[in-house]
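In order, the protein sequences belong to chains A and B. Start counting the first sequence at 5; every next residue gets the next number (my numbering). Start counting the second sequence at 2; every next residue gets the next number (my numbering).
Everything labelled a hint here was simulated from the structure, so no lab data went into it. Among the hints, erroneous ones may be present.
[As the list claims (entries may be wrong)] Here are the simulated DSSO-like cross-link-like pairs (lysine-lysine), alpha carbons at most 30 Å apart as the crow flies: (1) B/422 x A/20; (2) B/206 x A/7; (3) B/395 x B/740.
[Claimed, not checked] Reference listing, derived: stretches of chain A covered by chain B, where coverage requires no fewer than 3 residues with Cβ under 8 Å from a Cβ of chain B: (4) 45 to 52; (5) 60 to 73.
Idealized CB from N, CA, C, for every residue including glycine.
As a plain string of letters, each chain reads:
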Amino acid sequence: MQKLIDEAIKPYEGEKGSLIPILQSIQEKCGYISEDAFSVIAQRLKMSEHEIYGVATFYTQFRFTRPADHLIKVCLGTACHVKGNSLNLNNIVNMIGIKEGEVTSDYRLGLETVHCLGACALAPLATIDEEYYGNLSPRKLEKILSKYTKGKAGIKDEESKKKKD
Amino acid sequence: MLTINGKEVEFKEGAMVLDVAKDNGIYIPTLCAHSELSPFGACRLCLVKIEKMRGFPPACSTPAVKGMNIITGDDELHRLRKNILELILSEHPHSCIICDQKELCEKYHICPTKAGRVTGCTFCPNRGRCELKKVAEYLGIEEINIPFIYKNFPLERDDPFFDRDYNLCILCGRCVRVCQEIRGIGAIAFTKRGHDTKIGTAFGKSHLDGECRFCGACVDACPTGALSARAGKWHGVPDKEVTTTCALCSVGCRLKLEIKWNKLVAARPDEDGPANRGQACVRGRFCIPTLVNGKDRLKYPLVKREGRLVPTTWDEATRLVADRLSKYLPQEVGFLSSPFMTNEAAYLMQKFARVVIGTNNIDIISDFAGSVIESQVQLTGVGAGTGTIEDIEKANWIIIIGADILTSHPVLTVSINRARKQGALVSMIGLENDLTLRQVDNCVSIEPSAYLPLLACMLKMIVDNETFDIDFVNSKCRNFDVLKRSLLDIHLNKISSHCNISDVIEKLVSMTNTSGRGCILYGPKILEIEHPQKIIQMLFNILLLKGSPSGLIPLIEEGNSQGVGDMGALPNFLPGYQNISDQNTISEFENTWAAKLSTEPGQSYKAMLKAAKEGALKALYVTGRGIPEGTLGQLNFLVLHDIYPSPLFEEADVVFPAAAFTEEDGTITSVERRVQFLDAGVKPTGMAMPDWKIICMIAEKMNAKGFDFADTSKVFDEICKINPLVSGQGIWALKNLEKFILTPVDETVSAKSNLVYNELSRYYRGVDLTEKVSDLKILYDRTAGG
Chain A
5 MQKLIDEAIK PYEGEKGSLI PILQSIQEKC GYISEDAFSV IAQRLKMSEH
55 EIYGVATFYT QFRFTRPADH LIKVCLGTAC HVKGNSLNLN NIVNMIGIKE
105 GEVTSDYRLG LETVHCLGAC ALAPLATIDE EYYGNLSPRK LEKILSKYTK
155 GKAGIKDEES KKKKD
Chain B
2 MLTINGKEVE FKEGAMVLDV AKDNGIYIPT LCAHSELSPF GACRLCLVKI
52 EKMRGFPPAC STPAVKGMNI ITGDDELHRL RKNILELILS EHPHSCIICD
102 QKELCEKYHI CPTKAGRVTG CTFCPNRGRC ELKKVAEYLG IEEINIPFIY
152 KNFPLERDDP FFDRDYNLCI LCGRCVRVCQ EIRGIGAIAF TKRGHDTKIG
202 TAFGKSHLDG ECRFCGACVD ACPTGALSAR AGKWHGVPDK EVTTTCALCS
252 VGCRLKLEIK WNKLVAARPD EDGPANRGQA CVRGRFCIPT LVNGKDRLKY
302 PLVKREGRLV PTTWDEATRL VADRLSKYLP QEVGFLSSPF MTNEAAYLMQ
352 KFARVVIGTN NIDIISDFAG SVIESQVQLT GVGAGTGTIE DIEKANWIII
402 IGADILTSHP VLTVSINRAR KQGALVSMIG LENDLTLRQV DNCVSIEPSA
452 YLPLLACMLK MIVDNETFDI DFVNSKCRNF DVLKRSLLDI HLNKISSHCN
502 ISDVIEKLVS MTNTSGRGCI LYGPKILEIE HPQKIIQMLF NILLLKGSPS
552 GLIPLIEEGN SQGVGDMGAL PNFLPGYQNI SDQNTISEFE NTWAAKLSTE
602 PGQSYKAMLK AAKEGALKAL YVTGRGIPEG TLGQLNFLVL HDIYPSPLFE
652 EADVVFPAAA FTEEDGTITS VERRVQFLDA GVKPTGMAMP DWKIICMIAE
702 KMNAKGFDFA DTSKVFDEIC KINPLVSGQG IWALKNLEKF ILTPVDETVS
752 AKSNLVYNEL SRYYRGVDLT EKVSDLKILY DRTAGG
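Build the full structure now, drawing on both the sequences and the hints.
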């Protein structure tokens with residue numbers, strides 16, 4: 005991480021007004037801007053980290069927490085709501101132990117709710133990354149999630165895929 | 002020339018429309034504008050009409066231009082401002098501002114004010130100093146037709162000294178700007194945006210974890226009650242305010258003491274203070290009430306009976322001291338004066354020692370002041386630095402050496418920042434951390450033992466490269482050839498590689514090559530080597546070579562060690578640094594004081610302690626502390642002035658309760674030789690008395706003449722008559738030297754002394770501030786050493 009931050013700052017060293025490009029570059033390289041990154045930028049640019057934080061939080065484009073490897077989106081649109089998808093949401097919350105908007109401590113899974121994924125025929129519906137899982141039931145959910153929580157079967161698990169390569 | 006409200010007026014180049022209006026006595030309501038800060042344009046209340054300009058430009062950030070035609074107030078503008086203020090008030094609890102029973106309520110204070118946060122109408126800690134209310138009254142706001150939004154931010158009170166209730170914040174940005182622009186720290190910033198905007202820190206860190214130094218500048222700048230000092234928060238409007246000078250360090254900040262029910266409840270910096278201009282530091286802003294209001298303050302004179310100190314009357318205690326002191330031979334008595342005493346007290350103390358007792362055994366309890374006075378007298382004839390705060394602000398390059406200036410003299414960093422803004426380059430020798438790195442251009446992190454080699458190399462490089470001010474050196478300096486010769490023995494490469502300083506010397510020297518004035522501030526860390534005087538000489542050499550003789554500033558930490566020295570509380574100097582061995586001077590003083598004086602130089606602070614230990618000194622009169630424990634073993638008689646019980650109590654025979662600086666009148670002299678008045682805000686606690694009065698009482702008991710003064714102004718009159726340096730308030734001028742003397746470099750290796758720089762900046766009269774003020778301990782534990 006430290007190395008990536010250093011790399012991101014290097015091309016802009018000593019240049020005035022380069023804060024936003026540096027922030028963008030760090031987010032591109034690391035996926036988000038960590039607390040450590042702020043103190044490094046502060047040191048390099050001789051600025052206060054609070055000032056930098058102020059600039060960064062002004063823009064919605066910057067993230068300050070590490071995003072999950074796999075993002076679960078549970079649909080709560082009209083059709084899914086009628087079909088009882090909020091129960092499935094509760095099930096997921098119980099199974100992976102995080103609330104909506106949070107990320108698991110090992111950064112494997114993140115949970116979000118959305119309003120309509122545009123596949124109402126499949127309601128109740130959730131997506132994980134780009135994959136659609138329709139007609140969800142508690143049992144089906146358990147099966148799907150076990151792939152991600154245990155990291156087995158390799159579906160969508162890019163890291164393990166890479167290792168195999 | 003421009004027209005404002007139909008009147009043609011002149012204006013200064015670069016002034017904003019708001020300044021022009023102010024100069025001509027026209028009021029424009031503002032909330033975000035601040036005299037010390039750059040224009041911001043956040044509150045939009047200062048909107049005006051300017052002919053040929055589109056819309057309503059804000060007066061605070063529109064530069065005045067020749068031929069402008071400005072209207073600062075008409076019905077339309079009034080309506081507009083009213084609307085804007087209503088919008089601001091829709092997010093600020095405002096029942097106290099628009100209530101129809103406001104007048105009576107303010108008069109009688111019917112409601113208690115003890116709640117933690119603003120919930121109803123009377124719970125704002127800023128009552129009495131609310132700028133929002135003033136503007137609302139000016140605009141005549143009686144109701145607000147916009148639904149009120151309470152932001153419901155949690156009250157932030159986990160940090161020391163001040164509370165933050167951002168539900169009261171109107172986002173004027175003064176706190177953020179004062180922290181960034183004036184203090185150069187930037188411990189807070191605007192975070193997020195739109196409705197979610199809040200003043201805060203990165204990731205919501207506490208201020209302690211951020212880089213806040215708790216100078217309180219934000220609290221003073223805040224126009225609302227969002228930021229409030231915790232001590233004295235609920236005392237409401239003070240009964241009176243007294244302006245005095247802070248004695249906790251040597252900067253000489255003017256402070257306004259707030260007094261309620263005859264008790265000091267708060268202190269704020271005075272905008273008109275010549276040294277501080279509305280700024281203060283954590284000690285001056287937050288620590289004084291707790292320091293002087295301690296429950297265990299000494300209230301009665303104490304005398305030792307059967308091994309115990311018991312309270313007694315002033316008459317008995319002073320009589321006892323008078324009786325005992327008259328029994329010793331003059332050379333058996335010693336006087337140690339606290340560097341926190343007033344000039345008057347110091348003057349009378351040395352007069353008492355010399356006239357009544359007949360000894361020159363008098364010195365200041367301070368290692369650093371001793372070294373400073375010794376070297377400065379040698380260099381300039383008087384025991385004071387040559388620079389002033391104005392010199393710092395006008396300097397083109399500044400070197401700070403051997404001091405943690407952010408802790409010891411935070412208000413001076415404001416002046417350094419001002420200089421930096423005008424392009425000055427600043428180097429810090431001896432300390433390095435993130436915050437100082439940001440505040441200076443160049444940080445050289447070296448041990449005190451490397452100071453001397455570094456300075457010698459700098460001198461060598463300046464002389465060899467001939468980058469010194471040749472005209473100045475030729476016309477105003479002596480001994481240049483001696484210096485040059487002494488530098489022949491210095492081998493740059495050898496020293497610099499030995500001390501690992503090769504790359505920094507060049508940087509430092511090239512910095513001093515920028516044309517214009519230089520300024521060097523040196524601190525007590527130089528005491529960590531054997532001969533600190535050598536460092537002071539080398540520093541002055543550099544300044545002389547660069548033609549900036551008036552730029553040397555000793556960062557003395559004690560409040561009045563300058564003044565105590567000026568008043569002659571020194572073993573070898575009479576008031577005004579007049580030499581004791583000079584027969585003319587002596588006879589002059591003998592005439593004015595009508596007494597025979599001893600011409601034998603007295604013993605220094607260190608020598609007196611040694612003599613006391615060995616038994617040669619039998620009686621000691623001490624007005625402070627800071628004396629190493631166990632050094633007074635053989636002493637026969639010890640008199641103390643103190644404000645709190647001290648570790649010396651066991652050995653003391655008589656203890657007098659002294660007044661703190663907030664309780665006495667007099668003058669003190671700051672590091673820039675500025676004599677300023679102290680004004681008693683409150684009466685001394687219990688039966689305590691100011692130092693000068695105690696000394697006069699004892700002198701009277703000893704039937705001595707010349708100690709009969711009605712008040713301190715009479716003493717000051719006598720000082721002005723006798724001391725050629727001091728003639729009243731303000732900066733006293735240095736002696737006009739025909740030529741300065743350059744000192745040769747005779748040593749480049751400096752042995753370590755046994756002194757370790759102990760953070761002096763936490764003491765007042767030897768009382769550890771961090772012991773009395775727990776919040777300061779929390780802060781200093783976090784920031785110690787940088």
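Structure-based check of each hint:
1. B/422 x A/20: Between residue 422 of chain B and residue 20 of chain A the Cα gap is close to 16 Å, so the pair holds against 30 Å.
2. B/206 x A/7: holds, 25 Å
3. B/395 x B/740: Within the cut-off at roughly 24 Å; holds.
4. 45 to 52: holds (count 5)
5. 60 to 73: Our answer is that it holds, as 3 residues pass the Cβ test (under 8 Å) against chain B, meeting three.
Checked against the numbered hints given earlier, this structure breaks none of them.
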